[in-house]
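> Each chain is listed here by its residues.
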Amino acid sequence: MTRAILRTLAILAALAVTLIPILWMVSMAFKPPSEWQAAGEALTWVPRAPTLDNFRYLFGQGGSDLIATLDRTAVKPILSSLLSASVGTLIAMTCGTAAAYGLSRFGSGANLPLALIQLRLFPPMAVMIPVMMMWAFLGLMDTWFGLALVYGIVTLPFAFWLMKTFFDDMPKEIEEAALVEGCTRWRVFTRVTLPMMAAPLAAASLFVFILNWSDYLIALLLTTREWVTIPVYMASLSSSMTGQLYGAKAALGLIAAVPPVVLGVLIQKHLVRGLTFGALKQ
Amino acid sequence: MASIEFRNVCKSFGTVKAVVDASFKVEDNAFFCLFGPPLSGKTTILRLILGLETPDSGEILIDGKPALGVAERNVAMVFQNLALFPHMTARDNIRFPLVERRQPEAQIAPRVASVAEKLHITHILHKHPGQLSGGERQRVAIARALVRDPAAYLMDDPISALDARLREEARVELKRIQREAGRTLVYVTHDQEEAMSVADQMAVLDQGRIVQIGTPSELYDRPQTPYVARLLGSPPMNLSTSGAFGPGQVGIRPEDLTVTQSDTGAALITGVEPLGGYTVLTLAQGPETFRALLRGQPEVSPGTRATLSATKTHPFTADGHRQTGA
Chain A
1 MTRAILRTLA
11 ILAALAVTLI
21 PILWMVSMAF
31 KPPSEWQAAG
41 EALTWVPRAP
51 TLDNFRYLFG
61 QGGSDLIATL
71 DRTAVKPILS
81 SLLSASVGTL
91 IAMTCGTAAA
101 YGLSRFGSGA
111 NLPLALIQLR
121 LFPPMAVMIP
131 VMMMWAFLGL
141 MDTWFGLALV
151 YGIVTLPFAF
161 WLMKTFFDDM
171 PKEIEEAALV
181 EGCTRWRVFT
191 RVTLPMMAAP
201 LAAASLFVFI
211 LNWSDYLIAL
221 LLTTREWVTI
231 PVYMASLSSS
241 MTGQLYGAKA
251 ALGLIAAVPP
261 VVLGVLIQKH
271 LVRGLTFGAL
281 KQ
Chain B
1 MASIEFRNVC
11 KSFGTVKAVV
21 DASFKVEDNA
31 FFCLFGPPLS
41 GKTTILRLIL
51 GLETPDSGEI
61 LIDGKPALGV
71 AERNVAMVFQ
81 NLALFPHMTA
91 RDNIRFPLVE
101 RRQPEAQIAP
111 RVASVAEKLH
121 ITHILHKHPG
131 QLSGGERQRV
141 AIARALVRDP
151 AAYLMDDPIS
161 ALDARLREEA
171 RVELKRIQRE
181 AGRTLVYVTH
191 DQEEAMSVAD
201 QMAVLDQGRI
211 VQIGTPSELY
221 DRPQTPYVAR
231 LLGSPPMNLS
241 TSGAFGPGQV
251 GIRPEDLTVT
261 QSDTGAALIT
271 GVEPLGGYTV
281 LTLAQGPETF
291 RALLRGQPEV
301 SPGTRATLSA
311 TKTHPFTADG
321 HRQTGA
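From first to last, the protein sequence lines stand for chains A and B.
Using the UniProt record's numbering, you'd call the opening residue of the first sequence number 1 and step up by one each time.
Using the UniProt record's numbering, you'd call the opening residue of the second sequence number 1 and step up by one each time.
Possibly wrong hints are sitting among the right ones.
Listed next, the stretches of chain A that the computed footprint assigns to chain B, with coverage defined by at least 3 CB atoms under 8 Å from CB atoms of chain B [claimed, not checked]: (1) 173-183; (2) 192-205.
Computed cross-link-like contacts, SDA-like style, restricted to lysine to any residue with a CA-CA straight-line distance of at most 20 Å [to be verified]: (3) A:Lys76 / A:Leu220; (4) B:Lys25 / B:Thr15; (5) A:Lys76 / A:Leu140; (6) B:Lys312 / B:Ser242; (7) B:Lys175 / B:Pro66; (8) B:Lys118 / B:Ala170; (9) A:Lys172 / B:Met88; (10) A:Lys172 / B:Asp21; (11) A:Lys269 / B:Leu39; (12) B:Lys118 / B:Gly182; (13) B:Lys175 / B:Gly214; (14) B:Lys118 / B:Gly134; (15) A:Lys269 / A:Leu220; (16) B:Lys25 / B:Phe13; (17) B:Lys118 / B:Lys25; (18) A:Lys172 / B:Thr43; (19) A:Lys76 / A:Pro195; (20) A:Lys76 / A:Leu237; (21) A:Lys172 / B:Ser114; (22) A:Lys172 / B:Gln80; (23) A:Lys172 / B:Leu52; (24) A:Lys172 / A:Trp161; (25) B:Lys127 / A:Pro195; (26) A:Lys172 / B:Leu39; (27) B:Lys118 / B:Ser133; (28) B:Lys118 / B:Pro66; (29) A:Lys76 / A:Ser236; (30) A:Lys269 / A:Val258; (31) A:Lys269 / B:Gln131; (32) B:Lys127 / A:Arg191; (33) B:Lys17 / B:Thr43; (34) A:Lys172 / B:Asn81; (35) B:Lys25 / B:Thr89; (36) A:Lys269 / A:Leu194; (37) A:Lys269 / B:Thr89; (38) B:Lys25 / B:Asp200; (39) B:Lys175 / B:Leu162; (40) B:Lys127 / A:Ala198.
Please keep in mind that the hints were generated in silico from the structure rather than gathered at the bench.
Note that the Cβ used here is the ideal one computed from N, Cα and C, for glycine as well.
Throw the hints in and build the complete structure from the sequences for me.
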């Protein structure tokens with residue numbers, strides 16, 4: 001009995017820690033400036049005068065007497081985030097999956113897989129300055145594809161290790177059955193292995209996408225003006241008169257939450273379906 | 001439609017010798033059983049026939065010609081874990097070998113239909129493997145092997161997941177299917193009853209070595225080593241070294257032991273297991289334990305004494321070979 005009560009309390013505490021800030025952000029996104037400013041009225045959970053002004057403001061429609069109009073709208077940062085995060089994910093997943101399959105089926109020894117994860121042993125700061133110099137030399141600074149390339153490289157170890165685990169767990173007899181039944185190695189991969197890997201691929205892609213989507217540091221260092229991403233842009237949302245623009249930040253945070261949630265819902269069907277369910281006897 | 005021949009084939013994995021100097025020939029259209037305890041090299045021999053493993057030394061001939069690449073060997077396989085494609089329906093699983101071999105659609109559909117009918121799975125063709133029972137999955141896997149017209153079928157203990165009663169039905173059916181298809185079938189099993197009941201020829205394996213090849217009755221009646229003798233038959237053959245049944249090592253099958261109850265007998269009955277049609281007795285004589293198989297349910301009780309005599313013996317030499325002339 002006491003156990004059950006403690007359990008419930010623990011769950012409630014965990015929920016409060018995770019949900020209250022998110023709910024607060026949602027509430028704030030729909031409040032007019034007077035409701036979130038330090039000098040404003042008392043703070044309330046439900047906006048007293050719900051408004052879409054914060055969103056309008058982000059997309060460049062008018063300011064108010066309190067806040068100056070933005071010199072850049074949120075359109076370009078959203079585009080930048082979408083492009084760099086998805087292309088980066090594509091790079092990481094394509095290379096990571098290919099490498100994982102090759103090493104899982106034909107590789108020997110543990111050195112190469114370990115070497116890949118060692119990329120993550122360095123603090124990003126230690127490698128980002130050299131990368132900055134290389135990128136400046138190559139003319140990749142402040143471009144979405146330069147950012148996407150770094151995202152692809154940085155998240156490659158995750159894509160690789162996730163996919164390698166899935167490939168290692170797949171019974172080799174299924175591929176051998178396809179070989180015996182007349183497939184070439186490539187046909188085995190496209191006709192049998194990849195379709196069977198739909199769920200793991202979807203899950204790993206979502207994971208990698210979220211990593212790229214929420215990056216701040218790399219974007220801060222590699223983009224300056226044209227192609228800043230949502231997190232970098234969000235940090236810049238302040239005004240000299242009123243300080244931090246919490247309403248606009250909350251609205252942007254809400255927008256930023258949309259792609260991962262939508263992707264998660266889209267692939268949910270794959271996430272819950274078993275990996276090799278029914279392939280084998282037991 | 002094909003014979004399969006191994007000539008001095010060896011295969012090791014690291015320090016593990018999986019197959020040691022295997023030489024045998026599977027005749028055309030034969031039901032050939034590879035029989036042995038787990039890890040005795042049975043599956044490796046199948047994989048060598050398939051071409052999924054390459055021999056370290058020796059030769060594999062299919063139809064008298066050296067074996068080719070995996071896809072060109074034209075042998076069909078039922079894997080031990082069935083290895084169905086989970087993302088395809090049963091129908092697509094069965095169609096797979098024909099589609100991959102670019103057969104015209106007009107031939108595929110009737111072929112699939114006839115195989116499905118033969119295996120009684122027409123009603124489940126639209127389902128995915130995950131929605132099928134163990135027995136149904138096994139049938140789909142066998143159908144996938146039968147659907148094309150290979151030189152030989154290989155089956156790696158395909159019915160071991162079924163319960164005893166279904167297994168008995170399945171092996172009768174397999175025998176019928178093999179006879180109807182008129183194809184060579186190499187079959188791996190660790191179940192001596194299964195091997196004896198279906199095989200035309202069987203090979204007994206011990207740690208990668210083929211220790212004896214012959215028909216099931218040859219192997220049962222004239223085992224060449226005590227190892228083969230004790231693998232076949234249940235309860236296993238008694239081996240006596242005390243001299244009570246002759247010099248050296250002497251094997252007596254439980255059904256060849258005659259038990260005569262007598263108060264002055266040398267053997268003590270220690271266990272009685274009535275099994276319906278027959279009864280298994282456990283007897284102690286001197287330092288040795290014997291098991292005897294008696295017809296029906298004779299009235300014996302543990303603790304009484306009896307005399308043992310053998311109607312047939314298998315004499316082995318000290319180094320474990322059948323005595324010549326025996």
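> Compare the structure with each hint and give your call.
Results for each hint:
no., hint, in the structure
1, 173-183, "holds (count 10)"
2, 192-205, "holds (count 4)"
3, A:Lys76 / A:Leu220, "holds, 15 Å"
4, B:Lys25 / B:Thr15, "violated, 27 Å"
5, A:Lys76 / A:Leu140, "holds, 18 Å"
6, B:Lys312 / B:Ser242, "holds, 17 Å"
7, B:Lys175 / B:Pro66, "violated, 28 Å"
8, B:Lys118 / B:Ala170, "holds, 13 Å"
9, A:Lys172 / B:Met88, "holds, 17 Å"
10, A:Lys172 / B:Asp21, "violated, 27 Å"
11, A:Lys269 / B:Leu39, "violated, 40 Å"
12, B:Lys118 / B:Gly182, "holds, 15 Å"
13, B:Lys175 / B:Gly214, "holds, 18 Å"
14, B:Lys118 / B:Gly134, "holds, 18 Å"
15, A:Lys269 / A:Leu220, "violated, 35 Å"
16, B:Lys25 / B:Phe13, "violated, 24 Å"
17, B:Lys118 / B:Lys25, "violated, 30 Å"
18, A:Lys172 / B:Thr43, "holds, 14 Å"
19, A:Lys76 / A:Pro195, "violated, 36 Å"
20, A:Lys76 / A:Leu237, "holds, 14 Å"
21, A:Lys172 / B:Ser114, "violated, 30 Å"
22, A:Lys172 / B:Gln80, "holds, 12 Å"
23, A:Lys172 / B:Leu52, "holds, 11 Å"
24, A:Lys172 / A:Trp161, "holds, 18 Å"
25, B:Lys127 / A:Pro195, "holds, 17 Å"
26, A:Lys172 / B:Leu39, "holds, 18 Å"
27, B:Lys118 / B:Ser133, "holds, 18 Å"
28, B:Lys118 / B:Pro66, "violated, 33 Å"
29, A:Lys76 / A:Ser236, "holds, 14 Å"
30, A:Lys269 / A:Val258, "holds, 18 Å"
31, A:Lys269 / B:Gln131, "holds, 17 Å"
32, B:Lys127 / A:Arg191, "holds, 19 Å"
33, B:Lys17 / B:Thr43, "holds, 13 Å"
34, A:Lys172 / B:Asn81, "holds, 10 Å"
35, B:Lys25 / B:Thr89, "violated, 37 Å"
36, A:Lys269 / A:Leu194, "holds, 17 Å"
37, A:Lys269 / B:Thr89, "holds, 18 Å"
38, B:Lys25 / B:Asp200, "holds, 13 Å"
39, B:Lys175 / B:Leu162, "holds, 17 Å"
40, B:Lys127 / A:Ala198, "holds, 19 Å"
Hints 4, 7, 10, 11, 15, 16, 17, 19, 21, 28 and 35, counting from the list given before, are not met by this structure.
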